[in-house]
Amino acid sequence: MNNFSYTQAADLQQAVSLLKETEGNKILAGGTNLIDLMKYFVTEADMLIDINKISGFRELTEQEDGSVQLGALMTNAETAYHPVIEERYPLLSRTILAGASAQIRNMATNGGNLLQRTRCYYFYDSDVPCNKREPGSGCSAINGYNRIHAILGHNENCIAVFPSDMCVALAALGAKVHVTGAAGERIIPFEEFHRLPGDAPELDNTLQKDEIITGIELPAEGFAENYSYLKLRDRNSYAFALVSVAAGFTLEAGMIKEIAIALGGIAHKPWRVKEAEDFLKGKEPSRENFSSAADLILAGAKGFKDNEFKVGLAKRAIIRNCMMALNPESQRPGAKPSL
Amino acid sequence: MPDQNNQSITLKVNGQDHQLELKPWVSLLDALRHTLHLTGTKKGCDHGQCGACTVLIDGKRVLSCLTLAVMKDGAEITTIEGIGSEDNLHPVQKAFIEHDAFQCGYCTPGQICSAVGLLNEGKGNSREEVQDLMSGNLCRCGANRGIINAIMAVKEEI
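Protein sequences appear in the order of chains A and B. The numbering used here applies: residue -4 is where the first sequence begins, and numbers increase by one. The numbering used here applies: residue 736 is where the second sequence begins, and numbers increase by one.
Calculated directly from the structure, the hints in this document are not laboratory data. Think of the CB as a built atom: it goes at the ideal place given N, C-alpha and C, for glycine as much as any other residue. Treat the hints loosely; a few may be bogus.
[What the hints assert, rightly or not] Some, not all, of what chain B presents toward chain A, calculated at C-beta under 10 Å: (1) W760; (2) Q784; (3) V797; (4) C800.
The whole structure should be built from the sequences, with the hints applied where relevant.
Structural data, given as structure tokens:
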């Protein structure tokens, strides 16, 4: 790590004003990704602003309208095992528990989960070009070893994927991100929080330089009856997804009423396609219908030398996981395929 | 030039207070091993991928390699040296011996701290769940079956 200074912020205002001072000042919460990136010199800092001692952001609050506010500083484990999350948002609980390890979930915060960087090997390797790490230097993954990379939403600038599991559920649930910056507070719909590489692959999300995530708002509908998370990866636990699918729906007289399907491990942001969900509304939850919806979700998917397999794998994962959601008990630890 | 002075902190390790002056970039792992000479906690990958550096902070299992020591001023830290003693082994330590849960032993302190953390959490009701909840600790000798057997045995005793 480079030599940096360290400050514990007493309150949010102090943290924001320190953050605004210079680009080299960075927020430290769980540290599980930031400290690792700093050890590789992928990220450097003038000052780390430790926000862990700021009070008021470690709670879960149920609002009168049925929505739930998750504090940004709650750990992933506190969130996944919270009785309200287990009962009303089991999809979120499942996705969190499919990510990282028990130790990391005890450290990593909800806000930090949204801000983790890609695990593209070329992003981590400072000796090779990477547009995300060093804009304009080129993408080493496009013609390199690209087994873990994107099949949707990529371009010539960047084919990296966003690695979070938790965010796949937050995308499906239609969460909102609460942030505070020098200009005040704002609320960002989840689909507008993460972004595609476009011509600025160095930017993973739409958070401004002086903004801090304070909380995540979950809408009242948690799909607690019919939900499932399926995560396919090279080993059954403690690995990032090659393809993952979060699905939740409500049924009325045996037909799909509301439905949300989000994919992870295949794009620069959690992938959700409204047309596919609209297609399924009012239809029978059958393999055939989910297969048609999968084609809509994966329209335009294009793999590279080593990840072409993800296109077919994603289609089968969507169908399999939507069928699993009919019987949520079929889910297994680590979000493995049902037996 | 930002202020990079030493930070004065107190780490309570295995019940004993230690006043330390540390640079902000010193990991908790390095503070334990190099400053306090508690070398039971092991450095494996130093990047949060192997679990060898697992310790308990306020009863919860965490990775000391991805924690800055200065973040834990005032926290209660338990390392393998504080889990049990040679005359009075922790039930998890006894079970590791009984179930042949190690070969080279390098991952063992982290495995045991992680297992104690798992028991504190009260989760993991099936063997498959325990396997998943222990996946953050890699054993390259391949003693995993013994490790899970040992933890299941302790869970049954409780």
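Each hint, compared with the structure:
{"no.": "1", "hint": "W760", "in the structure": "holds (4 Å)"}
{"no.": "2", "hint": "Q784", "in the structure": "holds (8 Å)"}
{"no.": "3", "hint": "V797", "in the structure": "holds (5 Å)"}
{"no.": "4", "hint": "C800", "in the structure": "holds (8 Å)"}
Violated hints are absent here; each numbered hint is respected by the structure.
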